[in-house]
Amino acid sequence: MELISQGIVSGVLIGGLYALMSLGLSLSWGALKIINLAHFSFILLSAYLVYQMSVSYSLDPLLTALIVVPLFFVVGAAMQVFFHKVQVDEFKSLIITFGIFIILQSLIRTIWSADFRRIGSELNPYETQSIFVGRIALPVSQLIAFGAAVLIAVGMSLLLSRTYFGKAVRAVAQDRDMARAFGVDPRRVAVILSGLTTAFSALAGVFIAVGQTIFPGLAVGWFGVVFSVVILGGLGNTLGTLTAGVVVGVANGAASVTWGPLAAPLVTFLILIAALLFRPDGLLTKRSVA
Amino acid sequence: MKAPRRRRYLILITVLALIAAACGGDGTTETTAPPDTETTAPSDGETTTSEEMEEPSGEPIRIGGTLALTGVLAATGIIHEAVGEVFVERLNEQGGLLGRPVEWVLLDDESVPDQSAAAYERLITEDEVDLVIGPYGTGNITSAMAVAERYGYVFPHHTASLTYAYNYACHFSSWSTGLHPNITNPNLIYDALESTGTPPETIGFVVNEFPGTMFIAYGQDGTDEGGAVALAEDRGWDVVLDLTFPTATSDWAPIAAQIRDADPDFLYIAGLGVNASQLITAMQAIDYSPAGMFSQWPAPGPLLQTEGADGIMSVTVFEEHPPFTDDPEAVEVSALINQALADAGIPYTKVETQAAASWTAWEYLQQAAEGAGSLDQEAMCDWLLENGVDTLYQGHIDFRPDEQNYFEDLSKLKQIQDGDWWVVYPEEFAAPDRSLIFSPDE
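Sequences listed follow chains A and B, in order.
Everything in the first sequence is counted per this note's numbering, starting at 1 for the first residue and increasing by one.
Everything in the second sequence is counted per this note's numbering, starting at 1 for the first residue and increasing by one.
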């Protein structure tokens with residue numbers, strides 16, 4: 001029982017990280033119609049920057065978020081300006097952002113080499129710290145990542161549903177020309193939203209650097225789980241994405257402790273297939289931006 | 001505006017195709033054509049060696065090979081690149097091979113076995129290289145070996161793990177695991193544990209589903225010979241956990257929870273790269289640590305930085321401490337390799353199994369050509385089989401044709417103590433004042 005409980009708790013917490021990694025892509029795809037594959041390399045690049053700042057300047061890795069998140073907001077905004085200029089659609093965005101993904105991966109490899117990088121425990125106490133409820137452990141870094149995912153998912157949900165900016169985003173997502181006719185500047189909205197989504201990826205990168213050993217090939221392994229969470233959560237649906245992250249995390253954790261670790265990826269993709277068949281628009285479709 | 005369902009499926013298919021492309025080389029290199037990264041060893045005469053060497057002259061001898069310079073295996077592939085560059089540079093400084101300069105034609109196989117095979121085909125048939133040296137990675141080596149065999153090339157290679165599968169008469173592994181590492185490696189560890197007088201009573205296994213680690217843990221498919229799990233049972237140890245995990249595992253918490261639940265005296269991690277490092281971190285997060293741990297083929301640097309990894313064991317063929325460094329040439333060459341690794345931006349620069357095996361493979365080629373007095377592949381192959389090779393890092397090696405050219409398992413057991421790796425077993429290879437630390441009661 002304790003084993004199952006630990007598996008489920010770990011699944012919930014890792015689900016928060018999955019959600020954090022997926023929120024930016026979901027919003028970008030749902031609201032901007034940009035399938036941003038560069039999102040994965042932004043997460044990785046952020047992780048490398050966090051690593052570098054920590055080891056070079058002995059900075060607390062979590063505090064580096066104060067630098068990388070605003071920095072990536074600017075990068076994301078600039079990227080959207082570029083997309084606007086070349087007038088990308090959904091399919092073009094796949095190719096262009098895949099190109100950016102390749103370029104960033106090469107850049108990372110050139111700067112940091114292909115070898116493994118890890119923030120040493122003397123600089124990164126979060127990695128192994130936990131809060132215990134009985135014998136059930138709640139790793140601190142995952143708890144913080146989960147909290148950040150909840151804050152962003154709920155915050156973005158409120159922002160999108162209750163503010164002028166949110167209405168503008170939804171209007172742009174539904175019909176750009178009509179939104180423009182009503183005084184919304186689609187370009188400005190898109191630039192801000194792109195900045196936000198890229199900032200979310202930067203935040204995910206912070207937690208990756210805190211919790212894992214990083215290497216250039218790491219990002220490829222995220223595609224499966226992140227796309228599963230995005231599809232399952234519904235495009236542009238932040239609360240759906242959070243829910244989907246937790247569902248995938250818990251399913252993985254429970255499958256792993258019940259049937260063994262080999263069952264975990266199988267369960268993830270079974271969930272994805274089931275979602276595509278029975279809930280193709282996501283778990284919580286009503287709240288979707290798109 | 002919701003995307004029509006059909007359009008969404010189409011997008012997903014496109015995404016999957018792009019992922020497949022990215023998986024090939026972690027998205028870092030051209031996916032439409034093999035890259036032409038060509039490393040040419042300098043032979044500009046700016047030698048700094050004190051020995052008077054004759055300048056190599058004539059047509060360069062071209063040695064072709066691929067390495068995983070990008071993709072999932074690149075973290076180790078770049079070690080082999082740095083070592084090869086040092087070897088070729090030093091060889092040219094010392095007069096070249098058969099009096100001729102040596103040029104290394106190195107291609108990036110992007111960690112993909114198919115690309116490796118295609119590149120060797122190209123190196124042999126189009127580039128017409130004189131010699132070949134193997135790539136890095138079990139799958140890549142296996143694929144490339146078939147090409148080398150087809151064209152009758154001598155095929156030295158570094159660290160392929162499916163020993164039983166290699167029966168090409170002119171393949172020469174430089175990784176001294178012996179033909180049956182699924183027996184000899186676990187026995188080395190178990191003998192070491194028993195030598196402490198307090199062997200474990202219970203043991204747990206977590207096994208990467210990678211073929212090489214599955215072979216070590218469970219033996220060869222279709223036979224009942226060896227395997228770490230069976231050998232532990234043979235010693236009367238209670239196997240309380242036996243988990244296989246996917247190679248791409250990123251969430252280690254459920255595995256850590258199962259280990260804590262089983263609570264073995266000794267944990268055998270038949271894993272690769274950073275598997276052990278990630279797993280130990282996950283175990284630390286749930287406040288658990290077994291009394292003893294072993295990791296089959298870890299990345300040594302990240303493990304040193306991992307909290308809770310002190311005391312973990314692994315296997316090696318060379319470490320930079322006595323008695324391995326009693327040979328001054330080993331010290332000199334190791335310093336060159338350390339510098340090359342540092343120049344390549346690699347954080348952990350010490351010579352251990354990968355770098356040592358890489359150097360040894362180059363020595364095979366050099367001594368075969370010099371011994372045979374020509375670049376004739378058959379003559380070189382025969383010479384190696386008849387004479388063996390004097391290696392810097394692994395001593396004299398005699399190949400055993402009746403054991404698919406493998407030789408004895410020269411692995412030693414090393415352990416992290418006081419923040420560094422030290423060989424601790426067998427005793428005659430142990431670092432000064434170091435011995436295996438293991439007590440199941442702790």
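It is worth saying that the hints were derived from the structure and are not from the lab.
Careful: at least some of the hints might be erroneous.
[As the list claims (entries may be wrong)] Reference listing, derived: stretches of chain A covered by chain B, where coverage requires no fewer than 3 residues with Cβ under 8 angstroms from a Cβ of chain B:
#: 1; segment: 144 to 154
#: 2; segment: 175 to 189
#: 3; segment: 195 to 208
#: 4; segment: 211 to 219
#: 5; segment: 259 to 266
[What the hints assert, rightly or not] If you want the footprint, here are the derived chain B segments under chain A, 3+ residues with CB under 8 angstroms:
#: 6; segment: 69 to 76
#: 7; segment: 158 to 169
#: 8; segment: 207 to 216
#: 9; segment: 239 to 245
#: 10; segment: 309 to 315
#: 11; segment: 403 to 409
Glycine included, every Cβ here is placed at the ideal spot set by N, Cα and C.
Status of each hint after checking the structure:
no. : hint       : result
1   : 144 to 154 : violated (count 0)
2   : 175 to 189 : violated (count 1)
3   : 195 to 208 : violated (count 0)
4   : 211 to 219 : holds (count 7)
5   : 259 to 266 : holds (count 5)
6   : 69 to 76   : holds (count 6)
7   : 158 to 169 : violated (count 0)
8   : 207 to 216 : violated (count 1)
9   : 239 to 245 : holds (count 3)
10  : 309 to 315 : violated (count 0)
11  : 403 to 409 : violated (count 0)
Of the numbered hints given earlier, the model fails hints 1, 2, 3, 7, 8, 10 and 11; all others are met.
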